[in-house]
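Engineer: Here is what each chain is made of, one letter per residue.
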Amino acid sequence: GAGVSQSPSNKVTEKGKDVELRCDPISGHTALYWYRQSLGQGLEFLIYFQGNSAPDKSGLPSDRFSAERTGGSVSTLTIQRTQQEDSAVYLCASSTLDRLRGGYTFGSGTRLTVV
Amino acid sequence: RKEVEQDPGPFNVPEGATVAFNCTYSNSASQSFFWYRQDCRKEPKLLMSVYSSGNEDGRFTAQLNRASQYISLLIRDSKLSDSATYLCVVNIRQAGTALIFGKGTTLSVSS
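The listed protein sequences correspond, in order, to chains Y and H.
Take the first sequence: its position 114, counted from the start at 1, is 114 in my numbering, and no numbers get skipped.
Count along the second sequence from 1, then add 115; that gives the number in my numbering.
Read the hints as simulated data drawn from the structure, not as lab findings.
Predicted model, so just to flag it, every value in this text is computed and none were measured.
Some hints could be false.
[As the list claims (entries may be wrong)] So the derived label-pair ranges between C-beta atoms look like this:
| no. | chain 1 | residue 1 | chain 2 | residue 2 | range |
| --- | --- | --- | --- | --- | --- |
| 1 | H | 169 | Y | 58 | 31 to 37 Å |
| 2 | H | 225 | Y | 10 | 27 to 33 Å |
| 3 | H | 195 | Y | 72 | 40 to 46 Å |
| 4 | Y | 72 | H | 146 | 20 to 26 Å |
| 5 | Y | 53 | H | 129 | 49 to 55 Å |
| 6 | Y | 40 | H | 132 | 21 to 27 Å |
Every residue, glycine too, gets a C-beta built ideally from N, C-alpha and C.
Taking the hints into account, I'd like the entire structure generated from these sequences.
Structural biologist: Encoded structure:
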């Protein structure tokens with residue numbers, strides 16, 4: 001597609017429920033990243049994919065968080081047993097391998113609210 | 116020490132003013148540097164890369180000082196539309212890992 005697409009754009013869920021967030025990167029971008037941004041805070045790195053593998057999962061805050069990527073394209077971020085502190089905007093970005101020059105292109109994010 | 120630090124501001128300036136933001140990074144092995152812009156409730160967007168020799172894009176000038184480990188962004192002739200949060204971004208590790216974002220500096224340009 002023309003840009004990075006994320007869905008849903010907004011999600012309200014009850015504490016304890018599981019949620020799944022989707023990211024569809026720019027066609028041909030082999031690298032995919034998940035970040036989250038809490039209100040008034042900076043971007044917090046969660047996980048990075050190169051193709052379908054995740055060489056860097058260091059940012060996942062707990063084992064309730066997991067992510068996968070299939071076909072080198074779409075990625076899903078799953079949060080199990082959501083907690084109120086999980087409320088944030090979850091941003092996905094993609095890039096070519098030549099990241100050093102071009103930086104990332106972000107999707108418009110999923111705003112997650114846990115009530 | 117945080118990996119990327121910025122003065123959060125806000126910087127409140129009138130139209131036409133020149134304003135400068137600084138950013139410091141902690142890892143001397145940092146390889147690439149960027150400034151991103153983030154509008155309220157929007158995703159970050161790449162503003163410009165930062166090169167060792169310094170680079171300019173219209174009213175925006177970015178500079179890198181590797182010895183002191185800081186990056187700057189200068190905006191000349193500020194416009195109302197420049198109001199946003201400016202994020203300093205570095206790639207600290209080797210190719211294949213994520214960019215590290217500062218928390219941003221907020222700029223408000225008024226008429």
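Engineer: None of the hints should be skipped; say for each whether it holds.
Structural biologist: How the hints compare with the structure:
1. 169/H with 58/Y: 31 to 37 Å: Holds, at about 33 Å.
2. 225/H with 10/Y: 27 to 33 Å: Check passed, 31 Å falls within 27 to 33 Å.
3. 195/H with 72/Y: 40 to 46 Å: Cβ of residue 195/H to Cβ of residue 72/Y: about 42 Å, so the range 40 to 46 Å holds.
4. 72/Y with 146/H: 20 to 26 Å: 25 Å, holds
5. 53/Y with 129/H: 49 to 55 Å: 51 Å, holds
6. 40/Y with 132/H: 21 to 27 Å: At roughly 25 Å between Cβ atoms, residue 132/H and residue 40/Y fall inside 21 to 27 Å, so the hint holds.
When each numbered hint is compared with the structure, no violation occurs for any of them.
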